[in-house]
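If you read the protein sequences in the order shown, they are chains W and A. If you read the first sequence in this note's numbering, its first letter stands for residue 105, the second for the next number, and so on. If you read the second sequence in this note's numbering, its first letter stands for residue 2, the second for the next number, and so on.
Incorrect hints may have been included.
Not the full set, but computed from the structure, chain A residues with beta-carbon under 10 Å of chain W [stated by the list, open to error]:
{"#": "1", "residue": "GLY59"}
{"#": "2", "residue": "CYS92"}
{"#": "3", "residue": "PHE101"}
Bear in mind the hints are in silico, worked out from the structure with no lab data behind them. Backbone N, C-alpha and C define an ideal beta-carbon position, used for all residues, glycine too.
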Amino acid sequence: GENVEQHPSTLSVQEGDSAVIKCTYSDSASNYFPWYKQELGKGPQLIIDIRSNVGEKKDQRIAVTLNKTAKHFSLHITETQPEDSAVYFCAASKGDSWGKLQFGAGTQVVVTP
Amino acid sequence: DVKVTQSSRYLVKRTGEKVFLECVQDMDHENMFWYRQDPGLGLRLIYFSYDVKMKEKGDIPEGYSVSREKKERFSLILESASTNQTSMYLCASRGKTQYFGPGTRLLVL
Numbered sequence: 105g106e107n108v109e110q111h112p113s114t115l116s117v118q119e120g121d122s123a124v125i126k127c128t129y130s131d132s133a134s135n136y137f138p139w140y141k142q143e144l145g146k147g148p149q150l151i152i153d154i155r156s157n158v159g160e161k162k163d164q165r166i167a168v169t170l171n172k173t174a175k176h177f178s179l180h181i182t183e184t185q186p187e188d189s190a191v192y193f194c195a196a197s198k199g200d201s202w203g204k205l206q207f208g209a210g211t212q213v214v215v216t217p
Numbered sequence: 002d003v004k005v006t007q008s009s010r011y012l013v014k015r016t017g018e019k020v021f022l023e024c025v026q027d028m029d030h031e032n033m034f035w036y037r038q039d040p041g042l043g044l045r046l047i048y049f050s051y052d053v054k055m056k057e058k059g060d061i062p063e064g065y066s067v068s069r070e071k072k073e074r075f076s077l078i079l080e081s082a083s084t085n086q087t088s089m090y091l092c093a094s095r096g097k098t099q100y101f102g103p104g105t106r107l108l109v110l
């Protein structure tokens, strides 16, 4: 089955700097890659996703890149702010709405003022 | 806005009790999921359902069962709660994208 590895497990950045989280996946048939942000005591919230027919997607300070050949995808957060502090999860799945998501282990991001 | 709601944010139960966790979604999604989340172990899939009255085991189904009598509602049942089921339980609903509920933090004493 699919296996998703996520690095780093913790990431500390100064406010205003950029943060990058990387994930690799094992199943070349995977074609959907969402990213979730989980704040303390809350459920994960979808922040951005990408499908395999696209190499990059941006939404304000957040961007995701996908390299299908290398089977890895990354989350980039620019101009980090204290409210970006949270746990971030990557995930991968095959198919569209019917595929189960396989999650990475999560990255704890701490943005220090 | 997609809404996935869970019946309780916090629950305290005793060992051996039967526990029901309810989840409701309002987006007419066919797919619903139950996960548990523990420190250092990430999100682990317990059960999922692709349609009404259909269910499939996830990675850690032991000690749990589920019920999906209506499309919008997916229930997780702990037949006889044990202390090792103390955890955060997350329900999710999926159409083209997957949305999570706020979670239920369950403490079994």
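Hint check:
1. With 10 Å as the threshold, the beta carbon of GLY59(A) comes within range of chain W, its nearest partner Cβ sitting at about 8 Å, so the hint holds.
2. The closest approach between the C-beta of CYS92(A) and any C-beta of chain W is roughly 8 Å, which is under the 10 Å cut-off, so the hint is satisfied.
3. This hint holds: PHE101(A) has a C-beta 4 Å from the nearest C-beta of chain W, less than the 10 Å allowed.
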